[in-house]
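> These are the residues of each chain, in order.
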Amino acid sequence: MKCRTCRGPAIIELPRHNANFCAEHFLQLCRRQVEKAIHDHDMIQKSDRVLVAVSGGKDSLAVWDMLIELGYQADGLYIALGIGEYSEESREYTERFAAERNLKLTVVSLRDDYGYDIPTATKVTGRVPCSACGMSKRHLFDKAAVDGGYDVVVTGHNLDDEAAVLFGNALRWDVEYLARQLPVLPSRHGFPKKVKPLIRLTEREMAAWCVIRGIDYIVEECPMAEGNRHIGYKEALNVLEEKSPGTKASYYLGFLDRMAPVLAPIAATGADSVTPCVQCGAPTGGEEGSVCAFCRLVERSAAHEPVSVELVRKKSRSQKRVQAGAAKK
Amino acid sequence: MKVLLRNPRREIEIEGRRRVHALLAELGLPRESHLVIRNGTLIPGDEELDKDDVIEIRPVISGGF
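Same order as they appear, the protein sequences are chains B and D. According to my numbering, the first sequence holds residues 1 to 329 in order. According to my numbering, the second sequence holds residues 1 to 65 in order.
Since the hints were made in silico from the structure, they are not lab data. Quick reminder that beta carbons are idealized off the backbone N, C-alpha and C, glycines included. Please note that the accuracy of each hint is not assured.
[Unchecked claim] Only part of the chain D face toward chain B is listed, based on derived beta-carbon distances under 10 Å:
1) N7
2) R9
3) A22
4) H34
5) L35
6) I37
7) G40
8) G45
9) V54
10) R58
11) P59
12) I61
13) G63
Please construct the entire structure, taking both the sequences and the accompanying hints into account.
Shown next, in the form of structure tokens:
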């Protein structure tokens, strides 16, 4: 197997490009895809102060690594979610990555700074763990970006993430979510600009980037995300991708090219009714004088005694068994 | 050969030589969601694995939003 560019020995095959690459030319391909995404969607300027949302996983560490390589001024923000050993380990990977490269990393701890963690919030809300987790992270990334004077927040969402979310939104025909599923969310109403430079790269390519670049990351899956719907969508799309390479890219990038412009008028509506939260001042979609969802979550979760990851996972597994049993009947 | 699998982390022993894509197919692991690593280096699908090799098959799907 030979590299398409130099004809040297290849280390990875990329069926969607109908090509194989050596390490050097694979990295070059990834850099070009990120530069193209940044350029085509006007994501980041070289003078911008960038805040990267890092989790210790492959995507966020890879995008941070790439942005630094490409000459951007990028700091990191890690949120300690309190998901047992998983969180401890992911924090170690993130701190090591930043220390080895002399990068600035800020750590916010849900337990130390806000008095709760994700397992406890999951128990309190009775919703899926990713719901409390996603909401907490979005709020704290926004806050850190605004407080720190950053121009843009970067997340490590890749092509697989975006294609899976698009698939889920399309299965439900959730037109408002479809209209807003864009790689750039402009800064408005007190929310910072948010961008996704990895939308042209798959998660297999991001994991390969990390292996080649010698980046250690947390390989184990988040114990609370185990078996969630999002993973199911990714697996379904990968079945199609194996049969027809390039499916994920044409599905998501085709959506951006041809469907997002059609939905643009919907994306523009309903985004103007934003008021500041009376407790923290963050922008919220509620009526005048209301408290934002994050402050409500903190209030309820911090008042509850800490709940272990194992307890929440056990409950979630038994709920799934009951639901599966009910579905069979 | 020794094969390290993840999620959960475990090790299995496979008898005889194989190409990488044949091993993945045998284990029912899709190529699109796995990488195969030997001595810290990626190895492509057509590479022949030796009976004395120690390899890691690393899943790449993550579930966060």
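> Next step is simple, just say for each hint if it's right about the structure.
To see whether the hints hold, each was checked on the structure:
Given the 10 Å rule on beta carbons, the hint for N7/D holds: about 5 Å separates it from the nearest Cβ of chain B. With a least beta-carbon distance of about 7 Å to chain B, the hint placing R9/D at the interface is held under the 10 Å criterion. Below 10 Å, beta-carbon pairs count as interface contacts, and A22/D has none with chain B, the closest being about 14 Å; its hint is therefore violated. Interface restraint check for H34/D: the shortest CB-CB distance to chain B comes to about 8 Å, inside 10 Å, so the restraint holds.
Here the hint on L35/D is kept, as its CB sits about 5 Å from the closest CB of chain B, short of 10 Å. At its closest, the beta carbon of I37/D sits 6 Å from a beta carbon of chain B; the interface hint therefore holds under the 10 Å criterion. For G40/D, the interface hint holds, the least distance from its beta-carbon to any beta-carbon of chain B being 7 Å, beneath 10 Å. Interface restraint check: G45/D against chain B, minimum CB-CB distance 6 Å, threshold 10 Å, status holds.
The beta carbon of V54/D comes no nearer than 16 Å to any beta carbon in chain B, farther than 10 Å, and the hint placing it at the interface is violated. Evaluation of the R58/D hint against chain B yields a held restraint, the C-beta minimum of about 6 Å falling below 10 Å. For P59/D, the interface hint holds, the least distance from its beta-carbon to any beta-carbon of chain B being 7 Å, beneath 10 Å. Below 10 Å, beta-carbon pairs count as interface contacts, and I61/D has one with chain B at about 5 Å; its hint therefore holds.
The restraint placing G63/D at the interface with chain B holds, with a minimum CB-CB distance near 3 Å, inside the 10 Å limit.
Hints 3 and 9 from the list above are not met by this structure, while the remaining hints are.
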